[in-house]
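Number of protein chains: 2
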Amino acid sequence: MDSPAPVLARRESYFRPSPVRAVFETAMRPDVVSLAGGNPDLSFLPHSLIADLTADLLAQRGEDILQYGSGAGTDAARELSAELMRWAGAPRSVPEIQMTSGSQAGLDAVTKLLCDPGDVIIAEGPTYVGVLGTFGAYEADVRQVPLDEDGLDPQAVAEAIDQAQAEGRKVAFVYTITAYQNPSGRCLNPARYEDLIEVCARRGVLLVEDDAYGLLGFGTVPETRRPALASVSAEQVIHLGSYSKIFSPGARVGWISAPVPLRERLQVACESVCITPSVLAQELVTAYVGTPAWREGLAAQLAAYEDRCQAAVAAVRTHLPAEVTYHVPAGGFFLWLSLPESVTAPGVDVLELGLREKVVVIPGSGCYVGPEPGIHARLAFSAVGAETIDDGVARLARALKG
Amino acid sequence: MDSPAPVLARRESYFRPSPVRAVFETAMRPDVVSLAGGNPDLSFLPHSLIADLTADLLAQRGEDILQYGSGAGTDAARELSAELMRWAGAPRSVPEIQMTSGSQAGLDAVTKLLCDPGDVIIAEGPTYVGVLGTFGAYEADVRQVPLDEDGLDPQAVAEAIDQAQAEGRKVAFVYTITAYQNPSGRCLNPARYEDLIEVCARRGVLLVEDDAYGLLGFGTVPETRRPALASVSAEQVIHLGSYSKIFSPGARVGWISAPVPLRERLQVACESVCITPSVLAQELVTAYVGTPAWREGLAAQLAAYEDRCQAAVAAVRTHLPAEVTYHVPAGGFFLWLSLPESVTAPGVDVLELGLREKVVVIPGSGCYVGPEPGIHARLAFSAVGAETIDDGVARLARALKG
Chain U
0 MDSPAPVLAR RESYFRPSPV RAVFETAMRP DVVSLAGGNP DLSFLPHSLI
50 ADLTADLLAQ RGEDILQYGS GAGTDAAREL SAELMRWAGA PRSVPEIQMT
100 SGSQAGLDAV TKLLCDPGDV IIAEGPTYVG VLGTFGAYEA DVRQVPLDED
150 GLDPQAVAEA IDQAQAEGRK VAFVYTITAY QNPSGRCLNP ARYEDLIEVC
200 ARRGVLLVED DAYGLLGFGT VPETRRPALA SVSAEQVIHL GSYSKIFSPG
250 ARVGWISAPV PLRERLQVAC ESVCITPSVL AQELVTAYVG TPAWREGLAA
300 QLAAYEDRCQ AAVAAVRTHL PAEVTYHVPA GGFFLWLSLP ESVTAPGVDV
350 LELGLREKVV VIPGSGCYVG PEPGIHARLA FSAVGAETID DGVARLARAL
400 KG
Chain B
0 MDSPAPVLAR RESYFRPSPV RAVFETAMRP DVVSLAGGNP DLSFLPHSLI
50 ADLTADLLAQ RGEDILQYGS GAGTDAAREL SAELMRWAGA PRSVPEIQMT
100 SGSQAGLDAV TKLLCDPGDV IIAEGPTYVG VLGTFGAYEA DVRQVPLDED
150 GLDPQAVAEA IDQAQAEGRK VAFVYTITAY QNPSGRCLNP ARYEDLIEVC
200 ARRGVLLVED DAYGLLGFGT VPETRRPALA SVSAEQVIHL GSYSKIFSPG
250 ARVGWISAPV PLRERLQVAC ESVCITPSVL AQELVTAYVG TPAWREGLAA
300 QLAAYEDRCQ AAVAAVRTHL PAEVTYHVPA GGFFLWLSLP ESVTAPGVDV
350 LELGLREKVV VIPGSGCYVG PEPGIHARLA FSAVGAETID DGVARLARAL
400 KG
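Chains as they are written, first to last, in numbering that gives the first Met the number 0: chain U, 0 to 401; chain B, 0 to 401.
Careful, some of the hints might be misleading.
Because identical chains cannot be distinguished in the list, a pair is counted as satisfied if it fits within a single copy or across any two copies.
What the hints assert, rightly or not - No more than 20 Å apart at the CA atoms, straight line, and that leaves these computed lysine to any residue pairs for SDA-like:
id : residue 1 : residue 2
1  : K169      : V6
2  : K357      : T387
3  : K169      : A4
4  : K357      : P90
5  : K169      : Q154
6  : K357      : A321
7  : K169      : L7
8  : K400      : E322
9  : K400      : P320
10 : K357      : L52
11 : K169      : P116
12 : K169      : A344
13 : K400      : P260
14 : K169      : D389
15 : K400      : P339
16 : K400      : S341
Keep in mind that the hints were calculated from the coordinates and are not lab data.
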């Protein structure tokens with residue numbers, strides 16, 4: 000029997016598929032070089048050790064691990080996450096920690112709790128492609144503040160908040176990726192931390208710090224990582240951590256740190272979406288992260304990422320015109336290229352362009368809600384070797400000449 | 000520095016912590032008898048086999064399993080889910096299957112895609128406690144249609160839709176748990192399937208079938224399970240399946256089956272929340288569910304659940320007044336008690352009452368958005384032995400006499 004097509008929710012028109020997800024299948028093709036996804040290189044993990052750890056957990060405590068768990072997360076995972084907060088210079092107690100099904104689920108819960116349709120979220124320009132879909136699903140009015148050499152400028156944030164508030168709009172929060180930002184690779188200068196927090200606090204606006212890459216500073220160990228913005232204020236900063244980049248994206252484990260009353264409301268928001276974060280995945284993370292084997296694997300990954308970053312810079316210098324500019328990151332996964340008009344036409348689709356030569360990069364346009372200021376490409380150097388990076392950049396160069 | 004308390008989103012006032020979650024910690028106490036959570040009994044699982052399976056997966060394909068995966072789910076998990084749809088009499092192709100981080104995440108995505116604030120969702124009265132938080136987070140106007148002996152009455156659903164539409168309201172969907180309903184244990188009579196679908200189709204309203212318990216018919220095997228509502232229409236029914244009750248809640252794996260254009264939009268909704276369902280968990284589910292060992296474990300569980308259901312009925316007959324009524328379910332996890340005024344005061348909090356004698360049950364009030372018609376208690380018999388069930392019901396009886 001025929002029936003009318005279903006009427007979708009208004010927010011559906013704000014859905015934004017991430018370009019990273021849109022090219023996921025293409026990027027897996029063997030004839031395609033992918034510099035797209037922000038994947039950690041898992042070849043450095045001790046897979047047989049991880050297999051043994053997991054088997055022991057399941058054999059000895061399978062009845063608990065395969066069962067429902069607390070909506071806040073397991074005690075052990077919350078304690079581990081509190082320890083990671085300590086490394087970030089932001090010690091927290093277990094009641095402030097909410098485990099999530101990956102950091103993206105944390106971003107969803109924070110937005111669900113704080114953002115009404117039409118509320119303003121202030122983000123960096125450029126920002127993480129995947130979060131724009133999350134914000135869009137809550138019909139947020141995302142306004143982007145450009146990054147400079149030192150990350151977000153507190154004065155520019157103040158002006159953006161004042162502007163929104165002068166329009167009678169509620170600012171739900173300021174979203175910032177403070178360390179080795181996705182996609183720009185930049186860090187927020189700690190000299191700006193106090194100012195940024197004061198600017199937001201005076202205006203009654205929370206900061207949401209996405210710290211997915213905080214432990215990925217080249218040449219650092221966990222204890223020497225850069226301090227998080229959350230180190231300055233436990234009240235003013237909701238901090239999001241992730242085990243995806245320092246261990247396993249496929250496990251889907253992250254956490255939120257927030258003042259206890261907010262943390263408790265975030266738990267209800269999380270439970271409405273997933274009841275409980277995966278107990279199995281939390282147990283695996285807890286058994287592995289923090290161990291000497293984990294430290295060794297992470298150190299090997301960081302050394303490789305640093306080499307690959309240099310390889311990416313060298314490839315850009317070799318293959319691309321000198322007018323292409325970039326910032327050399329001190330950590331993380333990404334090289335962010337600015338392609339001037341002398342190199343490419345305004346409005347060109349960098350993703351489509353690259354695909355002509357079978358290289359996948361993330362187009363800068365995906366990192367902006369409005370028109371992209373200039374043309375950019377995000378190159379992920381994390382998951383591929385130096386030769387592949389060189390090949391990929393050479394392909395991009397050919398495509399640009401095309 | 001002091002700053003104003005954060006202004007929460009309007010939807011926060013609709014957040015509804017599930018009573019199951021609220022009593023989670025209490026129910027774990029050794030001196031408390033819990034008949035609260037809808038937990039499968041995992042003591043029947045072959046834990047060392049599962050440990051070995053998982054270890055093999057991680058040792059041989061760890062790099063893939065611990066990495067990001069497709070936002071739609073792994074091919075193997077989608078194929079397995081399509082096979083489970085076939086058992087439900089509702090064969091589907093892989094492009095119609097969207098894997099989710101548990102069925103709750105599927106309900107979240109469906110509501111996100113279809114329901115604007117103020118839209119009407121028609122649900123059963125009583126309904127699954129946990130879904131009311133999900134619907135609440137989208138500010139849905141949930142209206143409940145009473146169940147009769149045969150489940151939802153199509154005519155009553157038609158009237159509820161007509162009423163809402165006459166008020167100028169959009170009906171986002173009709174939500175129904177067709178098999179061994181949570182909490183009532185009732186099934187929708189297949190003789191009503193065609194009528195129910197026609198009633199909804201004529202009014203342009205989709206049905207959302209939550210089939211978490213479909214494979215849990217006492218004395219059934221997968222191939223003899225009752226047909227799902229989705230067996231009648233692939234266009235009119237969005238079907239949600241779960242691996243939580245037939246294998247592991249702690250893995251958090253479920254799926255949605257929907258017409259391809261809707262499935263694709265649901266993927267975007269899911270990605271905005273969690274990027275990708277856990278690859279590790281999907282691989283474990285795929286390696287185990289459907290195997291002979293899984294069939295054996297499920298058969299043993301079903302035999303135990305049937306015994307425990309009888310034990311629960313016997314305990315109610317022994318300890319509770321004869322005026323307490325109930326339906327003896329043919330599957331699933333729950334016995335739903337109606338407590339008349341002769342037994343308990345109107346408006347009594349059954350959860351609080353039970354706690355006086357250290358027994359936890361789910362109060363019927365949690366299963367209604369409005370006032371509860373009468374007083375009810377949901378007893379989960381799935382996860383505890385016959386003696387514990389008897390003890391728990393005896394405690395409830397003492398508390399009622401109190």
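Run through the hints listed earlier and report the numbers of any the structure violates, in increasing order. Hints 4, 6, 10, 12, 13, 14 contradicted; others consistent.
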